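Student: Letter by letter, the chains look like this.
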Amino acid sequence: MSTANEIVIAGFGGQGVLFAGKILVYAGLLAGKEVSWLPSYGPEMRGGTANINVIISDTPIGSPIITNPGMLVAMNQPSLEKFENDVQKNGLIIVDSSLISLKVKRTDIKTCYIPATKLAEDAELKGLANMVMVGKIAKELGIFDLDIVKKAASKSIPARKQDLLAPNIKAIEIGLAYC
Amino acid sequence: MTIVFERPKALTDVPMHYCPGCTHGIIHRLVAEVLDELDLVEKAIGVAPVGCAVMNYDYFECDMAQAAHGRAPAVATGIKRANPANIVFTYQGDGDLAAIGTNETVHAAARGENITIIFVNNAIYGMTGGQMAPTTIPGQITQTSPYGRDTKTAGFPLKICEMLATLDGTAYAERVSADGVKNVVNAKKAIKKAFEYQMAGRGFSIVEVLSTCPTNWGLEPVEALGWLRQNLIPYYPLGVYKDKEASR
Amino acid sequence: MTEKVLMKGNEALAEAALRAGCRHFFGYPITPQTEVAAYMAKRMPKISGTYLQAESEIAAINMVLGASAAGVRAMTSSSSPGISLKSEGLSYLAGCDLPAVVVNIQRGGPGLGGIRPSQSDYFQATRSGGHGDFHLIVLAPDTVQEMFDLTIEAFELADQYRMTAMILGDGMLGQVMEPVDISREGTVSTVAKQWALTGTKGTRKKNIINSLYLNEEELEMLNFKRFEKYAEVEKIARTEEYFIDDADVIVVAYGICARIAKNAIDEARKKGIKAGLIRPVTLWPFPKLQLKAAAAKAKAFIVVEMSMGQMIEDVELSIRCSRPVDLCNRTGGMVPTPDEVLAAIEKAARAERS
Chain A
1 MSTANEIVIA GFGGQGVLFA GKILVYAGLL AGKEVSWLPS YGPEMRGGTA
51 NINVIISDTP IGSPIITNPG MLVAMNQPSL EKFENDVQKN GLIIVDSSLI
101 SLKVKRTDIK TCYIPATKLA EDAELKGLAN MVMVGKIAKE LGIFDLDIVK
151 KAASKSIPAR KQDLLAPNIK AIEIGLAYC
Chain B
1001 MTIVFERPKA LTDVPMHYCP GCTHGIIHRL VAEVLDELDL VEKAIGVAPV
1051 GCAVMNYDYF ECDMAQAAHG RAPAVATGIK RANPANIVFT YQGDGDLAAI
1101 GTNETVHAAA RGENITIIFV NNAIYGMTGG QMAPTTIPGQ ITQTSPYGRD
1151 TKTAGFPLKI CEMLATLDGT AYAERVSADG VKNVVNAKKA IKKAFEYQMA
1201 GRGFSIVEVL STCPTNWGLE PVEALGWLRQ NLIPYYPLGV YKDKEASR
Chain C
2001 MTEKVLMKGN EALAEAALRA GCRHFFGYPI TPQTEVAAYM AKRMPKISGT
2051 YLQAESEIAA INMVLGASAA GVRAMTSSSS PGISLKSEGL SYLAGCDLPA
2101 VVVNIQRGGP GLGGIRPSQS DYFQATRSGG HGDFHLIVLA PDTVQEMFDL
2151 TIEAFELADQ YRMTAMILGD GMLGQVMEPV DISREGTVST VAKQWALTGT
2201 KGTRKKNIIN SLYLNEEELE MLNFKRFEKY AEVEKIARTE EYFIDDADVI
2251 VVAYGICARI AKNAIDEARK KGIKAGLIRP VTLWPFPKLQ LKAAAAKAKA
2301 FIVVEMSMGQ MIEDVELSIR CSRPVDLCNR TGGMVPTPDE VLAAIEKAAR
2351 AERS
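Protein chains in written order, with this note's numbering: chain A, 1 to 179; chain B, 1001 to 1248; chain C, 2001 to 2354.
Just chain A, with the same shape it has in the complex:
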């Protein structure tokens, strides 16, 4: 199993990391992969730290828990501090550089700084930094195309909220386009 497809997305509660993970696993499912989505669950429903373990694999998934992610997506500073050392050697850390001033200390991994929150706000997509990250993650994974991600977003957004689909997809496209 490629550990690159073991992804931890972490941030504050309310940033939508669980939802971002859901779109990724849906995309994986639509692409014919094995997937699992395991949230941290705790007493802090809002405002605390939230993280999601997403696995997208070609083979049946054993443990859904990720001890050493191939990819870490840090959407706030405490998450970067908490998980940086767990990332696999040669793994990838994606940092929301509009919220995190800290730089990644490790040198045995790849690092990508993307001002996801600012990119979303500049495009008048406030609150959709998580979707910008979904685009970026999809690009880095390189295992599914935009159509599948769009379809996954459509399936993950409840029927009565489909008006949110267009802005979500716009945010995903921003992430996909960001170099």
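Note that these hints are calculated values from the structure, not bench results. This one's a predicted model, so the numbers in the text were calculated from it and none came from an experiment. All C-beta atoms in this analysis are idealised placements derived from N, C-alpha and C, irrespective of residue type, glycine included. A portion of the hints provided could be inaccurate.
[Unchecked claim] If you want a taste of the chain A side facing chain C, the calculated C-beta under 8 Å gives, among others:
| hint | residue |
| --- | --- |
| 1 | 25 |
| 2 | 26 |
| 3 | 35 |
| 4 | 36 |
| 5 | 37 |
| 6 | 39 |
| 7 | 62 |
| 8 | 63 |
| 9 | 64 |
| 10 | 65 |
| 11 | 67 |
| 12 | 165 |
Given the coordinates of chain A, work out where chains B and C should sit on it, guided by the hints.
Tutor: What follows is chains B and C alone, placed relative to chain A:
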């Protein structure tokens, strides 16, 4: 030959185990007569409590369940929700209903659960040999209040009908007594009304019946009736505490 | 191929109950099983079912008893502390020979414990569901798909044997989301419930649902008869086996721990260690025969569980302590890692060679 008196159809031919002079037998008969008169024997499901009436599943000639101590209202809720067309009643004593099962009782009432509870209050735990009950009155001597119930340490009795009357879900709550002809006739009217309320789908109905326990009160049956009149009725006044229809 | 949907374990379990024809759910909120209640609360009113939020776990299980006595498929779900409260009802359900499905999405204990996943209610589920001589059928899913499949099976087994069937999951299985095929429809019991309380309708003698037997000879006979039934139920014991044909070291694990163990076994095989897995799918009846057969070939056993060591007793009993049995465990809401299990496998392999 004309039959002038017979066993209600809703009672079985099984000899009851109650002590001589105990009013459980009267109350069983009143429930049975009401089931007969309302033609409910074939559609009623009763729930027996834990306590003196534990074996009443043998006495009523309808489908019966026996519940864990205090849980009869929950069991009755499950039965009624599964088979709403049936008429579901519980028959519980004061320890069962007002101590270990207070939660189940209060919440069945609060939900307006469409069941009927026959609550037999004799102010003592009978089956286990006469301990203080939640309804034992201040000063009353029992095995576990040997110097009389001291409200400083043992607190005060629960007045169930008064309590349940405060709940919006309670459709009908009346306290009656099984101590004499007039009161027994009134008790039967109340029990009948409670079942009729359930049949009409009006919600939770409870009839509290003040009852005697000559054995554990340490009195002769006739004395026990007198003690009930002199002590229980003043503390637990008879009457209708809630009647949703009347207050409309 | 039918299209799979993504669901949390708790949601798949709730959907399975509906597919099995369960229309009566009595619940009480507790983390980490609350999604079961929320799912039922959303769906039941749309299909003329009952979702009732009880005043307590005790009330909920007694409502299940009432509904079951009345002849319908009924369920309640909870997590560890709530299951302790339900033990009274579990005993009465057994004493009354009533079918029911009870779900325990375990969390760390004892006491209020924590809310993270645990397997420390194994003894409670398999040994002492409540007072008196009785057993529950205990099913242990390890994927969201099995949360669905085994829940349907639980209703069928419960009706067939007039027993409580428990789904013993954990917080992680409840919370994890995976693809699941929910196309299967449960078979509604063909066993006529002639014992059910439905009102006599003038067509039969009255039915009594009761667990009180003051005659001790009668009660003993009833217990003997019930255990004759349990002897039949023992035949449903089953396992999933993974690389055990040539295994020197056999890991025994259930639920989420079995999946963690599979990762470790894959790594061990890469290192040339012949490791395999036996995953009990039924915890009661425990798959004694399967373990005993494995002991004829394997040289050592490792039990992986999220408790201080509970299932390990059943493993040792099943193989009559004929092989060394190590424990690899975490507890209190901690989850063993594949590396920890791998280390245990390597240690057992070394010990067996020397």
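Student: Report the numbers of all earlier hints that the structure fails to satisfy, in ascending order.
Tutor: Of the numbered hints, just 12 does not hold.
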